[in-house]
Structure formats: structure tokens, C-alpha cells
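K.L.:
Chain residues, written in single-letter form:
Number of protein chains: 2
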Amino acid sequence: MITPVLLCGGSGTRLWPLSRKSYPKQFTNLIGNETLFQAAARRVAAPGFAAPVVVTGPDFRFIVTEQLQAVGIDPGTILIEPSARNTAPAILAAALHVAASDPGALLLVLPSDQVVPDAAAFRAAVAAGEDAARAGAIVTFGIAPTRPETGYGWMEVPPDTVEGQGAPVDLLRFVEKPDADRAAEMLATGRFLWNAGIFLASVATMVAAFEAHAPDLLAPVREAVAGARADLGFLRLAEAPWGACPEISIDFAVMEHATNRKAVPFAAGWSDLGDWASVHRESRPDAAGVVTHGPVTAIGCRDSLLRSESEGLELVGIGLSGVLAVAMPDAVLVADAARAQEVKEAVAALKRKGARQAETLPRDFRPWGWFETLVQGERFQVKRIVVHPGHALSLQSHVHRAEHWIVVSGTARVTVDGAERLVSENQSVYIPLGARHRMENPGKVDMVLIEVQTGSYLGEDDIIRYEDRYARGQGAKG
Amino acid sequence: MITPVLLCGGSGTRLWPLSRKSYPKQFTNLIGNETLFQAAARRVAAPGFAAPVVVTGPDFRFIVTEQLQAVGIDPGTILIEPSARNTAPAILAAALHVAASDPGALLLVLPSDQVVPDAAAFRAAVAAGEDAARAGAIVTFGIAPTRPETGYGWMEVPPDTVEGQGAPVDLLRFVEKPDADRAAEMLATGRFLWNAGIFLASVATMVAAFEAHAPDLLAPVREAVAGARADLGFLRLAEAPWGACPEISIDFAVMEHATNRKAVPFAAGWSDLGDWASVHRESRPDAAGVVTHGPVTAIGCRDSLLRSESEGLELVGIGLSGVLAVAMPDAVLVADAARAQEVKEAVAALKRKGARQAETLPRDFRPWGWFETLVQGERFQVKRIVVHPGHALSLQSHVHRAEHWIVVSGTARVTVDGAERLVSENQSVYIPLGARHRMENPGKVDMVLIEVQTGSYLGEDDIIRYEDRYARGQGAKG
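Residue numbers (this note's numbering), protein chains in the order written: chain G, 1 to 478; chain V, 1001 to 1478.
Derived from the structure by calculation, the hints contain no laboratory data. The beta-carbon is built from N, C-alpha and C at its ideal position, and this holds for glycine as well. Worth double-checking, as some hints may not be accurate.
[As the list claims (entries may be wrong)] Listing some non-contacts, in silico: residues in chain V with all C-beta distances to chain G over 10 Å: (1) 1016; (2) 1115; (3) 1147; (4) 1218; (5) 1257; (6) 1308; (7) 1314; (8) 1339; (9) 1346; (10) 1353; (11) 1355; (12) 1357; (13) 1377; (14) 1409; (15) 1425.
[Stated by the list, open to error] Residues from chain G that keep clear of chain V, each with C-beta distances beyond 10 Å, as calculated: (16) 241; (17) 357; (18) 377; (19) 430.
[Unchecked claim] The following label-pair restraints were derived from C-beta to C-beta distances: (20) V:1231 - G:66: 18 to 26 Å; (21) G:216 - V:1310: 47 to 55 Å; (22) V:1146 - G:176: 36 to 44 Å.
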């Protein structure tokens, strides 16, 4: 059995506005009908694979469980990184965690934000690397390059092996993201693969590699794993030692120094969807080079991506050429396709000017479900709140606002100053300023509630928590 | 005194998504801090001008009164056209209406959707045409052309008069919208002006011109004016005869045939903002040719228009060149600037596919204020409703839905099955299915209310009206 390690803590900005810090790209439907994370999990939910270890951040833990549940996959462990420290500490933590119960385990480390259309071919490549990994190699999976890409790291392999039949070959050296000329040269030689960040190795090999090449990481990560605390089905790495880990990638920390490394060439299709130009490329453009998604009307366009991310938002493109347009109700991107990388700078500019769209979506995901602000006025705010079956918000009170709750779907159990009642569709409840209140969903379907807040201050941090089944503190998020 | 006639019934589609059939461009802030209609009304609110006659459609009548009130202008009359019949019937109706009380009046007919930056220069041009008009001419105001524009009609005048000092000159002939070569030729001759659709004539001259050149219009328009019905300060033209009028422009009906016509050249700046490319041109682009409006971040763009029409909507443009981008929360346009005219076809395509964005805005303007849908679910809908001081919705009931009302600003007087009460900020009312109910705003400031509807059918047409101060029928709008 191979234990997949799904790395799921990333939060790039180049796919803004769809991908935001609060809800990064691995959780979005960029291609196809499932999210990139769901597709990655399903790619390794097959005979020969154990339940996956997912490594993610505290803000994403409930998104992970919801998305796995939706595709019917039980995670082995969800490891929570108290903060993002890049890939090396995450992989080492997973290896140490798995080693504790299964010292002979083979780990398949894979990012959860990539597209691999042919999952069977991918599993065949993994199988091709298995013997080498069991024999003590760190096996990477190198993508046979199809263009002079400057956005990836490259890896050199011996001559005449790139187009090989998938057997492991020697990995001679890593090349950092090249410039265009260097990328074209490497492509022409036929001796280079793209580094996809996918690794297969035994836990013993992996830990030994850290011992040899990154010994300073071992102590804090060991301590963080040893001190990990089980919390509602998650395993939360100990905060203090974790925070002491240097932020470093597995390539820098280990792979560039290791000698027992191999590469399995993979040519069946792969993309990391690093920017909107690559989403365009991977989305099967029509004969005119146009990709549309959602309610879009394209007139006389070519070589363009037109995405509306909302059913209620009509996007019209006229006469566009080489344009990427992505529309959401709170943010719209229109970019020259050749400058897709600059979305990163745009997000930084939005952050500098204090626009909340830089990092957060209108919809806010919480342990119990999600909510969104429908309208915000001077002394009022209206929210839609969705509580999943069996979940509950904390018992709380507010100093500055009163709330009206109207249940519009399902049934709520509502507590106000100690009195409990069931509230069903079309019934309402008033929560006076200062009252201790809680809403729960005791039913079997989502409960949807409209909340109308009135008061002089309506910030999320006006909250006193008396009891919270998700172990959140005062003033912490909802 | 000159009586301005503001033509305000138009509803072009080339400025979609900002301008829609339900709220056309003359009522929007395309340039500057007031709407085009407000700017037009203020242009002729000056010594020497009587209160204006506004000719508009039934859907726009309350927008007209609200916008005039906001700039402190009292209309003389607001003539309601039961349907849009193009400019000739509208101008004749205004002339006949004014003639009834003041047979010697001088009319200045002007479209309400144009930009004229220098109002004083415009009034000076009008003054320059006054003697000729009083002497029996129909005086038009011709714009000194600045480019080979194919979107306008042109007018030929004698040599060396285009750059004249504003005195009336003979108007030799009209030229329909030309092709590019013809437009360039006309521009080069210096003997042509653009037809701006602005006319000065006495009511007697105007009526006589219709008698001579469009006698078939006279009978139905006379009948529509004679049968006009006063209604809440509006004068509603009689529907049956009005509907019998041919749809025809003043140019075709009268101007092309008239011999007593003159033109006053006008060179102080003018635009009809016929499409987004002209909005770009008139909005003072920066050195790179870029115009932004609203929360916009433009990185490395040139010769582009980037407009976000909502404070809560961030628009980002990267590396754009010659692109028009207009973003609203429910609709986004991204177009090649050279193809701005095709917005019209895009709107037609949206209409064919049944997208409500083709013609209506999220905000729905009614006699008493406005409302917008905040969220629509399977069996619920949430609206924000704003009622202006002193106004009231009709006394009504619904067969399929119950409603919860929460007042979030101001005070409402609410009637439910005969019982009346005052509801103030942070108070709520429940309207059971079938109950006869009404909301009024008895206060001095806008009343804002959140309405949560639940039920099996939530269409606007589930309404039984018992009493309505705005004289609307069963199933009619709000």
C-alpha cells in the first residue's frame, strides 16, 4: 500500500479573483466538475493506495472535510499546519506522522492543485517508480515538456530518456525557473523534464534525507508532530516548534542535495494551472481559441478566456483577441493573456489599497457551514447563513447589535437567554442586544436563515463566546 | 421666454450594461456628477427660459420627477407618451400642448442624453438663432465636426460658414449617416455640420411645418393631446390616437422637406455619447489614453476605458490596449473599442436567450421609491425596499407568499388586515399569506426595509391590489 500525502496549504494569487487567500485555487472548479483538490484525492483513491494524509492550514480544514465527504473519500489524517512553512516541513511532518504507526510505509507526496487528465496513466507511472522507491530512492515524476515554459523548474535526465516508457531514470540536476532562451534550449535538447513537485519514497528514506541534508528541520518538526493535538478529527501540529521551522521547499532542503534520486518521465498530460493563461490552455479552446465558462456571450472573439463565475452575472465579450476576462459579483479581472503573471501584482495593489476582494470571497466558510453578506448599510447588515445538519454556531452575545433571524429553509434549534425553541421555515426570532444566543441545525438537511442585524457597530469581532464546539476563542472567526 | 422641450423617451442599447431599457442612459451619470438628463435640464434653466416641457415614457415618469427635484428644477409639464413613436410625434405633441396656452411661444427642442460642456456657449447659440426663429424659421444647431464620424447624420451649409460666429446660415440639405470615405470627404470640404437633433422654432412655425409636410400626423397627435388626462402631476397623452401615430423622426417627417430652415453652427463641444467609445473620448483620458471610473486598478493599460459602476466591485485591468470594460454586479461588458457599435447586437443576443440583464437593472424604480432583490432561493427571496418620505405602496395581498418586514432605517406605517401601527428601526412585522397589507413612509427621511418572502411562488405578479395612489392596475408593477 502507498500512502498519499496531499499538500493542500497553498494560496497563490495568480488565479485571482476566483482563487483568494481565504479560498485558494485547489478548492475551486477551474476545470471540470470537481475541484482540483477533489480530483487529486480521487486520483489516488484506488486499489493499492491507503487513505490519504492531507496537510492543510487551519482556515481550510473544514473545506477539506466537506470536499472529501462530497466525493466519498475518508481521509486517514488531516494534519493542520498552524502556519504555512512551504513544502519541506509539511512533507517531513507527514513522513514522521506516518512512520510512527507504519515505519515501512511508502509515501506519495502530491500537490492538490494540479490537473492530470489521465489518472490511470498517473497511477501506472507511480507503479513504475515503486520498486526504486522501496529500494531507497526518492522518485520524482517529471513532466515531458511541451513548450519553453519559464514558469516551472526543470530537471535534467540522461539523453534519450524523456520519451521513455515510464521507467525511472537518473535525475542529474535541477534547473531553477529559466529565462525564455534557456527554456527553449532545454526543450530542444530533449534531456529535460518539468519538476511537478510529486515524490515517491519510503518514510525511512524521506526522514534519512532530511537527516542528511536538512538536519535543522528535524528537531522542530519532530517536536511539532510529537506535540500534535487531536481536535475534532484533525491533528493539529504543535504551534511553537512549528513556528520555529524555516520556510523552505523540499527542492531546496533535500532534492537538490540528494544523490539517491530518480525521475519517472510522465507524458500523459499535466498542468499546475499556474495562471489564467494556463487555465485557458487546459480548458480545450474552440476552433477560434475561445473558452467560455458560465453565462457568457462572446461575439467575434479569438484566443480568449471568458469566465463568469456566477449564474446571475452575464459576461459579454466583443471582438477580443488574447484577453483573459474573469467576472465575479465583487471583482472582475480583464488582462492581456501575455501578462497573466501580473495578476499577482494587481492583487498586491488591491491589498495595499485595503480592498477586501484582494484576499477574501463574499462567502465565508466556517466549521458549521458558511455565510455571506447580502447588503451592508449604514446601521444594518443582511446575511444569508447556511448551517449544515448536526452543526451549531457558538453560544454568543453581541454588545453593539440586535439580530432578526428568519428561517427560510430547514429547521433551526434556537437558544435565547436559556430558552430553547424549534424554528421552522417562515418563522422568525428576535435576538435583543446583549442576549446569549445560539443557532443549531438539528435536522437532516441544510438550514438556511436570513439574519438582519441592526446596530451602531456590525463587525465580526463584536462577539463574546460562552461555548463553542469548534474550540475557537474570543473574537475569533464566527 | 423660450420654452425648452426635453425629449426623454429614448432607450438605446449601445451603452449596455449601464444603460438598459428600464433605466436608459439619459438618467445615468456617464460624465460628471449629474445625469445627462439633469445636465440638459440645467442647461436651459436660465434667465429667458420658461419651465421645461418633458416628454417621456410611462416607465420613466417618476425617475424624471426625482431627478428634476434633486437639481431643484420645477418642470412645467411632464407629457407621458403611452408608447415611444420616435421624435416627430413627441415634438408635435409638445408644440400643440404649449400652443394651447401660449400660441406665440418659442420652443427649444433638445434631446436629454447629450453632453454639452459649455452651457453658456450653448445658450448664446440659442440666442443667436432667436430672431430667425421668431421670423418663422426652424433653426437647427449644427455641430462643427471634429472627425469623420459615421454614426451621425450630417447637414450641408454654404461655404465658409461652419466656423462662423454663430449666426444662422442656410441649411442646404441633410445627409444620412455616411460611410467612412464620404464622412472624410465632408469633413475636408468644411461645408458640413453634424445634426444634433436640436431645434428652435415658434409653435406656430412648428405646427405649420407638420401641416405642410406630415399632415397624417396632425389628426392623431391633436386627438392625443386633446384627450390627455392629468394624473398625479403628469399629463398622459390619450392612448388610442397616440398608438395610431406612425413612428417617424422629425428629420424624415419635417426637416428634410422644410424650406424655412436655418442652422446655427456650434463649435464649443458636444457629444451624444452614442457608444462606449464616445464615453471614453469625452471622459478626458490620461496621457496613456486611459479613463477609469469607480474602484478600478489599471496596470500597464493604454487607450482603454475601465469603469466599475458599483463601490463594492473591484475591476482590474492588466496590459489592455483599446479595450472598453464596464462592470456591474450583474453584467460585465468587455469589448474591443473599435467594435463599440456591436454592443447593440450583444444586447439582442442576451434578450434572445432570456437574460433579464438585457433590459432591466437589479434596482427597480417605482413611483414610491425603489427595491432590489438581494438573494433569490428556491422558496424564498430577500429584498431591500426604499420608500421615499410621504409615499406608500398599494394596499395589497398575495396568494402564494408570506412576508417578514424588518425596518432598518426610518419609520414605517404598516397596515395588516385593517390594523395600523408604526414600525421603527429594528422592529419587525409579519404579513401572513393572504393578509391585506400596506407600507407607508410617514416620515421626513427615506424608510429602508428588508423584506424576506417565503412561499411556493414569488413572482411580482402575485399581487391583488385594493387601493393604489399611483393608479396602477391588478398585476401591474409594484
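K.L.:
Now tell me, hint by hint, if it's right for this structure.
P.N.:
Okay, the hints, checked on the actual structure:
For residue 1016 of chain V, the shortest C-beta to C-beta distance to chain G comes to about 8 Å, within the 10 Å cut-off, and the non-interface label is violated. Every CB of chain G lies more than 10 Å from the CB of residue 1115 of chain V, the least distance being 23 Å, so the non-interface label holds. Listed as a non-interface residue, residue 1147 of chain V keeps its Cβ farther than 10 Å from every Cβ of chain G; the least gap is roughly 20 Å. For residue 1218 of chain V, the requirement that its beta carbon stay farther than 10 Å from each beta carbon of chain G is met, with the minimum near 43 Å.
Taking the minimum C-beta to C-beta distance to chain G, about 38 Å, the non-interface status of residue 1257 of chain V holds against the 10 Å cut. Chain G draws residue 1308 of chain V into its interface by the beta-carbon criterion, the shortest separation being 7 Å against a cut-off of 10 Å. Non-interface status of residue 1314 of chain V relative to chain G is broken: a Cβ of that chain comes within 10 Å, the nearest being about 5 Å off. Consistency note on residue 1339 of chain V: stated as away from chain G, yet its beta-carbon is not over 10 Å from all of that chain's, at 4 Å minimum.
The claim that residue 1346 of chain V is not at the interface with chain G is violated, since a C-beta of that chain comes within 10 Å of its own (minimum 5 Å). Non-interface call for residue 1353 of chain V relative to chain G: violated, since the shortest CB-CB distance, roughly 8 Å, does not exceed 10 Å. Not every CB of chain G lies more than 10 Å from the CB of residue 1355 of chain V, the least distance being 5 Å, so the non-interface label is violated. Distance to chain G contradicts residue 1357 of chain V as a non-interface residue, since its nearest Cβ pair spans about 5 Å, not more than 10 Å.
The Cβ of residue 1377 of chain V does not lie farther than 10 Å from every Cβ of chain G; its closest approach is about 6 Å, which violates its non-interface assignment. Residue-level check failed: residue 1409 of chain V sits 7 Å from the nearest beta carbon of chain G, not beyond 10 Å. With a cut of 10 Å on Cβ distances, residue 1425 of chain V falls inside the contact zone with chain G, its closest approach being about 6 Å. For residue 241 of chain G, the requirement that its beta carbon stay farther than 10 Å from each beta carbon of chain V is met, with the minimum near 39 Å.
Non-interface status of residue 357 of chain G relative to chain V is broken: a Cβ of that chain comes within 10 Å, the nearest being about 5 Å off. With a minimum CB-CB distance of about 6 Å to chain V, residue 377 of chain G fails to clear the 10 Å threshold, and the non-interface call is violated. A Cβ of chain V approaches the Cβ of residue 430 of chain G within 10 Å, the least distance being about 7 Å, so the stated non-interface status is violated. One distance hint, 18 to 26 Å for the beta-carbon pair residue 1231 of chain V and residue 66 of chain G, is violated here, with the actual separation near 56 Å.
The beta-carbon spacing between residue 216 of chain G and residue 1310 of chain V, approximately 51 Å, falls within the hinted interval of 47 to 55 Å. Checked against the hint of 36 to 44 Å, the pair residue 1146 of chain V and residue 176 of chain G fails, with Cβ atoms roughly 55 Å apart.
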